[in-house]
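I would like the entire structure built from these sequences, with the hints used as guidance.
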Amino acid sequence: MNLNSTDFELFDTPAAMAFDRSALDTRWRALQSEVHPDKFAAEGAAAQRVAMQWAVRVNEAYQRLKDPLKRAAYLCELNGAPIHAENNTAMPSAFLIQQMEWRESLDEARELLAVESLALEVGAHRKTALAGLQFTIDDQHDFVAAAQQVRALMFVERFEADVDQRLEALGK
Amino acid sequence: MALLQISEPGGTPDPHQRRIAVGIDLGTTHSLVAAVRNSVAECLPDVSGRVILPSAVRYLAEGRRQIGFEALSEAAIDPRNTITSVKRFMGRGLSDVKDRAKLPYDFIDTPGMVQIQTVDGVKSPVQVSAEILATLRFRAEDSFDDELFGAVVTVPAYFDDAQRQATKDAAQLAGLNVLRLINEPTAAAIAYGLENGSEGLYAIYDLGGGTFDISLLRLTAGVFEVVATGGDSALGGDDFDHLLADWALSRAGLKAESAQDKRAVLVAARAAKEKLSSTDHATLACPLGATELSVRVTRDQFETLSHDLITRTMTALRKVLRDAKADKSDVQGVVMVGGSTRMPMVQAAVADFFGKPPLTNLNPDEVVALGAAIQANALAGNAGADDLLLLDVIPLSLGLETMGGLVERIIPRNSTIPTARGQDFTTFKDGQTALAVHVVQGERELVSDCRSLARFELRGIPPMVAGAARIRVSFQVDADGLLAVSAREEVSGVEAAITVKPSYGLSDEEVARMLTESFTTAEGDMRLRSLRESGVEAERMLLATRSALDADGDLLSVEENASIQALLLALEATREGEDHHVIDAAVEALAKGTEAFAAERMNRGIRRALSGRRVEDV
Numbered sequence: 009m010n011l012n013s014t015d016f017e018l019f020d021t022p023a024a025m026a027f028d029r030s031a032l033d034t035r036w037r038a039l040q041s042e043v044h045p046d047k048f049a050a051e052g053a054a055a056q057r058v059a060m061q062w063a064v065r066v067n068e069a070y071q072r073l074k075d076p077l078k079r080a081a082y083l084c085e086l087n088g089a090p091i092h093a094e095n096n097t098a099m100p101s102a103f104l105i106q107q108m109e110w111r112e113s114l115d116e117a118r119e120l121l122a123v124e125s126l127a128l129e130v131g132a133h134r135k136t137a138l139a140g141l142q143f144t145i146d147d148q149h150d151f152v153a154a155a156q157q158v159r160a161l162m163f164v165e166r167f168e169a170d171v172d173q174r175l176e177a178l179g180k
Numbered sequence: 060m061a062l063l064q065i066s067e068p069g070g071t072p073d074p075h076q077r078r079i080a081v082g083i084d085l086g087t088t089h090s091l092v093a094a095v096r097n098s099v100a101e102c103l104p105d106v107s108g109r110v111i112l113p114s115a116v117r118y119l120a121e122g123r124r125q126i127g128f129e130a131l132s133e134a135a136i137d138p139r140n141t142i143t144s145v146k147r148f149m150g151r152g153l154s155d156v157k158d159r160a161k162l163p164y165d166f167i168d169t170p171g172m173v174q175i176q177t178v179d180g181v182k183s184p185v186q187v188s189a190e191i192l193a194t195l196r197f198r199a200e201d202s203f204d205d206e207l208f209g210a211v212v213t214v215p216a217y218f219d220d221a222q223r224q225a226t227k228d229a230a231q232l233a234g235l236n237v238l239r240l241i242n243e244p245t246a247a248a249i250a251y252g253l254e255n256g257s258e259g260l261y262a263i264y265d266l267g268g269g270t271f272d273i274s275l276l277r278l279t280a281g282v283f284e285v286v287a288t289g290g291d292s293a294l295g296g297d298d299f300d301h302l303l304a305d306w307a308l309s310r311a312g313l314k315a316e317s318a319q320d321k322r323a324v325l326v327a328a329r330a331a332k333e334k335l336s337s338t339d340h341a342t343l344a345c346p347l348g349a350t351e352l353s354v355r356v357t358r359d360q361f362e363t364l365s366h367d368l369i370t371r372t373m374t375a376l377r378k379v380l381r382d383a384k385a386d387k388s389d390v391q392g393v394v395m396v397g398g399s400t401r402m403p404m405v406q407a408a409v410a411d412f413f414g415k416p417p418l419t420n421l422n423p424d425e426v427v428a429l430g431a432a433i434q435a436n437a438l439a440g441n442a443g444a445d446d447l448l449l450l451d452v453i454p455l456s457l458g459l460e461t462m463g464g465l466v467e468r469i470i471p472r473n474s475t476i477p478t479a480r481g482q483d484f485t486t487f488k489d490g491q492t493a494l495a496v497h498v499v500q501g502e503r504e505l506v507s508d509c510r511s512l513a514r515f516e517l518r519g520i521p522p523m524v525a526g527a528a529r530i531r532v533s534f535q536v537d538a539d540g541l542l543a544v545s546a547r548e549e550v551s552g553v554e555a556a557i558t559v560k561p562s563y564g565l566s567d568e569e570v571a572r573m574l575t576e577s578f579t580t581a582e583g584d585m586r587l588r589s590l591r592e593s594g595v596e597a598e599r600m601l602l603a604t605r606s607a608l609d610a611d612g613d614l615l616s617v618e619e620n621a622s623i624q625a626l627l628l629a630l631e632a633t634r635e636g637e638d639h640h641v642i643d644a645a646v647e648a649l650a651k652g653t654e655a656f657a658a659e660r661m662n663r664g665i666r667r668a669l670s671g672r673r674v675e676d677v
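Residue numbers (the numbering used here), protein chains in the order written: chain A, 9 to 180; chain B, 60 to 677.
Hints are computed from structural coordinates only; laboratory data are not their basis. Heads up, some of the hints might be wrong.
As the list claims (entries may be wrong) - Straight-line C-alpha distance at most 25 Å; calculated BS3-like pairs for lysine-lysine:
1. K78/A / K384/B
2. K387/B / K415/B
3. K378/B / K74/A
Stated by the list, open to error - So these bits of chain A aren't anywhere near chain B, every CB distance computed over 12 Å:
4. D20
5. M25
6. V43
7. D46
8. L77
The beta-carbon is built from N, C-alpha and C at its ideal position, and this holds for glycine as well.
Rendered as structure tokens:
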């Protein structure tokens with residue numbers, strides 16, 4: 009075990025999409041209980057530096073493992089299919105049309121109810137897409153296809169954030 | 060096999076030699092210091108038996124000053140030189156200070172942080188805060204008749220980087236070894252969590268004199284995990300005073316012109332507000348120039364007046380729940396912190412929102428200091444300290460300015476600290492040799508709507524075509540919530556780094572200069588002080604290294620062990636000397652020489668966590 013171990017090795021959990029959230033949380037707390045700088049506050053600078061590096065590393069891994077999309081992107085990268093979202097903007101036209109429709113609905117939505125129903129629709133879409141992504145990775149082990157799905161889902165998540173912002177602005 | 064548990068017994072060979080560590084609540088209206096004595100956290104009283112120290116400093120001629128109650132009683136007579144609620148100015152520029160027209164100070168608009176002209180010269184909020192902190196430090200040292208090992212100082216969870224840095228600078232200026240800055244709501248939860256043995260999701264509603272914080276924490280077996288935090292760093296009891304004062308003046312058709320009058324009306328408003336917490340009417344009365352102000356106010360009137368302020372806290376509360384993706388029914392209990400939560404309308408609003416009465420069984424003025432003391436005791440590694448762990452978050456997103464004045468978010472708010480994140484950028488012009496890095500904090504899309512933390516430049520990038528350079532900007536937030544930023548061009552290896560200080564904090568040199576000039580050294584000479592500090596540090600390193608060797612010495616080869624032993628002996632030999640530089644060098648040599656050992660021990664800790672076994676079973 010060292011700072012270059014994978015997130016999965018660090019958390020001693022299978023390199024797959026399926027995971028038990030509460031076990032992950034427990035493991036995170038156990039790891040931080042060992043490496044957090046506070047545990048070395050009474051020690052010298054050397055121990056503090058090492059603790060800081062490890063605590064950062066543990067938090068980084070935890071952030072990635074608990075978020076299904078980040079977890080998928082990481083699995084793709086580990087399996088030779090990095091996401092490189094900035095260089096891979098090509099998307100199937102059906103997907104792009106749907107994105108445009110969503111954007112239009114959001115622009116046109118004036119009332120809270122309309123934005124809320126859009127939020128529900130997008131949320132449901134994300135759930136289905138994530139289930140598909142899990143199948144592609146855990147059952148088909150097709151990481152190239154998975155990377156494409158991750159890129160599409162990144163668009164969906166960004167749009168969801170915009171919807172959330174609108175909800176906030178509308179005072180929900 | 061003996062095994063090291065860092066925050067538990069074994070670290071200190073002599074059980075009687077406890078390290079004195081205190082918790083300090085540096086509040087807007089008053090401050091407290093607490094410590095764990097006989098395994099109970101308690102606030103330390105002054106010679107008159109009072110635990111509260113009003114956060115007020117009065118500057119007099121010839122470098123004399125009054126602090127606390129003494130200063131407060133003179134506030135109405137000498138408002139210009141009596142600084143109260145200085146916390147509101149920490150890490151703030153003049154334009155950030157709301158109500159400044161109503162305040163009686165001679166502000167100086169200095170770049171970075173506002174300063175105040177007093178009869179004793181120009182004072183920065185950091186210096187004023189240091190006076191308060193030093194007073195508490197002396198109180199603690201007198202209580203224990205001993206030097207302090209260190210202190211945990213609390214800050215509002217919503218404090219940004221500049222405000223945190225200013226607080227840490229103030230503590231250093233007051234001669235305190237800062238073990239950690241922790242968030243006030245988290246400190247309150249520690250005090251409550253340990254006393255009540257609670258587990259689950261808790262909301263901490265902290266309405267102090269000048270700041271409002273709301274935090275959601277998950278408590279699990281000694282781990283305090285902050286899930287989300289929010290609030291308003293410029294909303295507190297003072298705002299209620301201002302509202303009431305303005306209302307009374309307009310009722311009476313009077314105006315407060317002079318600094319004295321402004322102060323007197325505020326003091327009277329505060330007294331009336333406090334009275335209204337237990338009665339249904341009060342009279343706001345004070346002399347005003349040649350006349351007298353006297354206005355009767357009912358609790359109903361006051362509550363109608365304050366309605367918007369309460370609504371603002373409720374909006375923040377809803378936002379934090381949304382951030383945490385939690386419903387208000389998930390919240391098992393609500394803890395009330397801060398003197399302003401004594402107002403019945405605040406308690407009613409919170410009870411109404413959650414559908415259950417809030418917890419108020421600890422004194423809301425003391426609870427933050429008590430929690431900080433418990434954490435300080437644990438950090439000092441004292442025997443018998445509770446094995447607790449705080450996992451806190453950053454309250455506001457950190458980002459960089461990109462093209463068009465937009466913010467590229469690097470670390471989102473509510474990320475658990477410590478944390479680090481990097482982002483790659485490139486040049487946009489052919490032959491571009493420098494890149495300006497502008498670090499900002501806030502949630503808005505436009506740089507102009509966020510707080511500017513620091514600017515620096517990465518220079519010396521070899522000329523390349525646009526887009527060919529690969530510049531990695533790395534953000535690192537430490538366990539105090541303080542940010543450091545570095546930038547590196549990967550092709551050429553050119554680097555630049557900054558600890559985010561210059562735009563709002565003080566540089567290390569400035570702190571050093573102020574230390575030499577300040578009261579903290581009035582008692583003795585600087586050289587002796589340095590020598591003593593180096594001696595304490597040497598002692599700490601020797602102890603820590605020996606107990607680490609006892610615990611995990613089996614990880615070392617015979618040669619490695621011998622080389623560490625040699626460094627220990629070398630440090631031991633310097634301790635009786637008179638030159639602190641020699642001691643410092645030996646401490647640093649030992650720190651360097653044990654770095655690999657520290658890494659090995661960390662590995663063992665990780666394996667232990669993964670094996671799922673408790674420390675005592677290994």
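(message) To test your reading of the hints: which numbers does this structure violate?
(response) 4, 6, 7
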